[in-house]
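Between the sequences and the hints, there should be enough to build the whole structure, so can you do that?
The listed protein sequences correspond, in order, to chains A and B.
If you're matching positions, the first sequence starts at 266 in the working numbering and goes up one per residue.
If you're matching positions, the second sequence starts at 20 in the working numbering and goes up one per residue.
No lab work stands behind these hints: they were computed from the structure.
Hints should not be assumed to be uniformly reliable.
[Stated by the list, open to error] Derived contacts from chain A toward chain B, CB cut-off under 8 Å, selection only:
| # | residue |
| --- | --- |
| 1 | Lys303 |
| 2 | Ser325 |
| 3 | Glu363 |
[Stated by the list, open to error] Computed Cβ-Cβ distance ranges for the label pairs, DEER-style:
| # | chain 1 | residue 1 | chain 2 | residue 2 | range |
| --- | --- | --- | --- | --- | --- |
| 4 | B | Gly24 | A | Arg359 | 40 to 46 Å |
| 5 | A | Val354 | B | Gly46 | 32 to 38 Å |
| 6 | A | Ala340 | B | Asp145 | 32 to 38 Å |
| 7 | B | Ser40 | A | Gly361 | 53 to 59 Å |
| 8 | B | Ser206 | A | Ile288 | 30 to 36 Å |
| 9 | A | Met266 | B | Pro51 | 44 to 50 Å |
Beta carbons: idealized from backbone N, C-alpha and C, even for Gly.
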Amino acid sequence: MNITVSILLFGGLFFFTGGCIGILRFPDFYSRLHPAGKLDTMGLFLSMTALALYSLGGFSIGEILNGIKIMMIVAFVFITSPTATHAIVDAGVRAGFEPWKKHK
Amino acid sequence: MKIIGLIAVFLCGCLLVYGASDFPGWGDPSSPASTHVSPYYIETTMEFTHVPNIVTSVLADYRGYDTMYETTVIFGAGIACFLLLRVVKKKDPVSRLYRHKATGITLRIKKGGKIPDKSNAFERIDSEWVPYDLIIQISCRLLVPLIQIFALYVIAHGHYSPGGGFQGGVILAASIILIAISYDLRSALKIMSERASAFLSAIGVFIYAGTGALCLLLGANFLDYAALDSLLGSGMVMARSHGILIVEIGVGIAVMAVMICLYYNLSSEGKQDEGL
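Below is the structure:
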């Protein structure tokens, strides 16, 4: 159990790190939102699954409820994070940001 | 001038560090703060109030006066924002925009012009209107009931875990404000009118102070919830616990209504005609 939890946690950290590097390194507004929206959601999914598994110590009702609550966080982030990214991109298009191109 | 400011800030910082050197250590069991009052709360909260979350019992029972005036301060903030920002004298805008839903044609109807009120083919739009985004509206509509359930959970669960009236009230207000952001101000006003928000903010404070006055009428001290036992019939200790819940509900209602009132006035510059 502990090994599974640590593998999931490190996987989550890997995605979070990728998201951070992506936000810093990508060239323009739209491509920066790509790691911000996707990798954070995936990293959160993996790390929260790890926490839910970790809290399932003896499979009592309270522990199972704790796990369900943690997984509900993931469900809500799955709905809200892409919506927020969509809204920001929409606002960016309306504000007139040009997408980045390699050859100008 | 900048150098003088820097020197003054530096001297103040040195004074603060010098003053802080006399403080007891972090978590020191023999410091004055943790020798007199805190052990009393920690040891007797469960026995007297039957509330496992000591913070809630201190907030709403041991220091009930403090929290009552905090709620009153929030109410006062709402009233102040209303008095400062609200444009009471209604000036009709020079023209209003109506959009034909099927074709997307926008009509500008000047003052005195006939407004197509009855037909469903037209909808009124703000002057800074952008096309509604279906994804954002649907996901906000999906989330609002869940946010409200969570807010009620936070209010009701303040006895057992972090939470209570202030936090739950703010989350409730956030659900209404989310509607105002994803749709427009008029749809939020249809759900919760300005009159209702003003009324509820007063009701919330009234529930808090009224509970205290009820205790006074029942022959105990102001805000001594043990007196509610004769009404609730659940024993002195559980009466304190229920009294805390009643008061937290009052705080939640007041905070929610004041937050919504503040948002309405700030987002529409007090006109509450059109806005975010």
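Taking the hints in turn, this is what the structure says about them:
1. Lys303: 16 Å, violated
2. Ser325: 17 Å, violated
3. Glu363: It is violated, given that the least Cβ distance between Glu363 of chain A and chain B is near 19 Å, above 8 Å.
4. B:Gly24 with A:Arg359: 40 to 46 Å: At 42 Å between Cβs, range holds.
5. A:Val354 with B:Gly46: 32 to 38 Å: For Val354 of chain A and Gly46 of chain B the Cβ distance comes to about 47 Å; the hint is violated.
6. A:Ala340 with B:Asp145: 32 to 38 Å: 33 Å, holds
7. B:Ser40 with A:Gly361: 53 to 59 Å: 56 Å, holds
8. B:Ser206 with A:Ile288: 30 to 36 Å: 34 Å, holds
9. A:Met266 with B:Pro51: 44 to 50 Å: 46 Å, holds
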